[in-house]
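When you get a sec, could you build the whole thing from the sequences and use the hints?
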Amino acid sequence: MHFKSLLSAAALGLLLAGCKDFKKTKGGMPYKIISQSGAQKVKNNEWIKFNYVVTITNGNKDSVLQSSYERGTPFYMPVTAQTQPYDLSEVLPMLHKGDSLIMVQSVDTFLRRSPQGAPPYFQKGGKLTTRIRVVDIFADQKAANDDEVKTRELAFKNDVKLQAKIREDQQKIQQFLGASAGQAQQTPSGVYVLVTQPGTGAKAQKGDFVDVYYTGRTINGVVFDSNIDTAFHHPQPLSFQLAQGQMLKGFDEAIQLLKKGDKARMLIPSPLAYGENPPPGGKIGPNEILVFDVELREVSTADPRAAMPPPPPPAAGGDGHGH
Numbered sequence: 000m001h002f003k004s005l006l007s008a009a010a011l012g013l014l015l016a017g018c019k020d021f022k023k024t025k026g027g028m029p030y031k032i033i034s035q036s037g038a039q040k041v042k043n044n045e046w047i048k049f050n051y052v053v054t055i056t057n058g059n060k061d062s063v064l065q066s067s068y069e070r071g072t073p074f075y076m077p078v079t080a081q082t083q084p085y086d087l088s089e090v091l092p093m094l095h096k097g098d099s100l101i102m103v104q105s106v107d108t109f110l111r112r113s114p115q116g117a118p119p120y121f122q123k124g125g126k127l128t129t130r131i132r133v134v135d136i137f138a139d140q141k142a143a144n145d146d147e148v149k150t151r152e153l154a155f156k157n158d159v160k161l162q163a164k165i166r167e168d169q170q171k172i173q174q175f176l177g178a179s180a181g182q183a184q185q186t187p188s189g190v191y192v193l194v195t196q197p198g199t200g201a202k203a204q205k206g207d208f209v210d211v212y213y214t215g216r217t218i219n220g221v222v223f224d225s226n227i228d229t230a231f232h233h234p235q236p237l238s239f240q241l242a243q244g245q246m247l248k249g250f251d252e253a254i255q256l257l258k259k260g261d262k263a264r265m266l267i268p269s270p271l272a273y274g275e276n277p278p279p280g281g282k283i284g285p286n287e288i289l290v291f292d293v294e295l296r297e298v299s300t301a302d303p304r305a306a307m308p309p310p311p312p313p314a315a316g317g318d319g320h321g322h
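Quick note, the sequence shown lines up with residues 0 to 322 if you use numbering that gives the first Met the number 0.
Take the hints with a grain of salt, since some may be wrong.
As the list claims (entries may be wrong) - With a Cα cut of at most 30 Å, we get these calculated DSS-like pairs of lysine-lysine:
| no. | residue 1 | residue 2 |
| --- | --- | --- |
| 1 | Lys262 | Lys282 |
| 2 | Lys171 | Lys202 |
| 3 | Lys248 | Lys141 |
| 4 | Lys141 | Lys42 |
Claimed, not checked - The following label-pair restraints were derived from C-beta to C-beta distances:
| no. | residue 1 | residue 2 | range |
| --- | --- | --- | --- |
| 5 | Pro29 | Gln81 | 15 to 25 Å |
| 6 | Phe21 | Gln184 | 53 to 63 Å |
| 7 | Thr300 | Tyr120 | 42 to 52 Å |
Derived by calculation from the structure, the hints in this document are not laboratory data. Note that CB positions come from ideal geometry on N, CA and C, so glycine has one too.
As structure tokens, then:
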């Protein structure tokens, strides 16, 4: 892995910044902020969007542990009054939009705190260096979530490798559907949706709350999950809010093509499902096309959980446990 290939020019400039003028947090962590004069300062309970590179130095060797440039999207994090000593949370409240931050943490400190839980690449005398560039600040979690969805969507569309894999999987899906392929709808990203029994209710929209019953299988017919089949022991409907990044991208998109009461078969190309990283120990392999038979049981513009009454108070004279 070539370190420089992961970085934008701005980030590379930050990496080359000297180690002068470092301050220390209350927890003893050295840090340096290269500030944008007059820029918006983050406030308590706001969210920040930032790019980052984390390197570890052991002896004379530097290695990249994590990088938002490598994963292709920035990171989003809340700023709260609750901070942890010797941690990024100590510095976040000091940042402005456009600021760059360098912070240095001693591996020895982590080894003293958790000698048994330290990863194998933590060696005595080593140091972690985290470099951050603040991209934006958001007033609340919803605004941050909305931006994250848009950012991930743009990164997904621009990923040449993933788009090629989707086209390859679509050919397999068309072969699987045979004569039914022409009757199927497609989502913008390439999921095939074949309505097998139409409903008469409202169409699902972004932001709606939905209840879904489903059986999921691989394209080879291996059933991996269901809330219909009692063998999987979770008969409750799958409840979630659409277009909030809570579900597999392909599953979320496909539900948005359905109406309340629809029964349908959804065929999801692997990059729109689990891609190369399926849940460990399960029945889904890497790059598996997934098939879901679903029923959209409920569509609501309001969160049904918000309408639930609070639990009753304990009976007078009791001990709070019903006794």
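**Prompt:** Between Pro29 and Gln81, does the beta-carbon spacing fit 15 to 25 Å?
**Reply:** holds (22 Å)
**Message:** Quick check: does the Cβ-Cβ distance between Phe21 and Gln184 fall within 53 to 63 Å?
**Reply:** Between Phe21 and Gln184, where Cβ atoms are some 57 Å apart, the hint holds.
**Asked** Can the restraint linking Lys171 and Lys202 be considered satisfied, given a maximum Cα separation of 30 Å?
**Response** It holds: about 29 Å lies between the C-alpha atoms, which stays within 30 Å.
**Item:** Thr300 versus Tyr120 beta-carbon gap, inside 42 to 52 Å or not
**Value:** holds (49 Å)
**Request:** Take a quick look at whether Lys262 and Lys282 sit within 30 Å of each other, Cα to Cα.
**Result:** holds (24 Å)
**Asked** Is Lys248 close enough to Lys141, meaning Cα to Cα at most 30 Å?
**Response** OK: Lys248 and Lys141 at ~18 Å, within 30 Å.
**Asked** Can the restraint linking Lys141 and Lys42 be considered satisfied, given a maximum Cα separation of 30 Å?
**Response** At roughly 16 Å apart (the allowed maximum being 30 Å), Lys42 and Lys141 satisfy the hint.
This entry satisfies every hint, going by the numbered hints stated previously.
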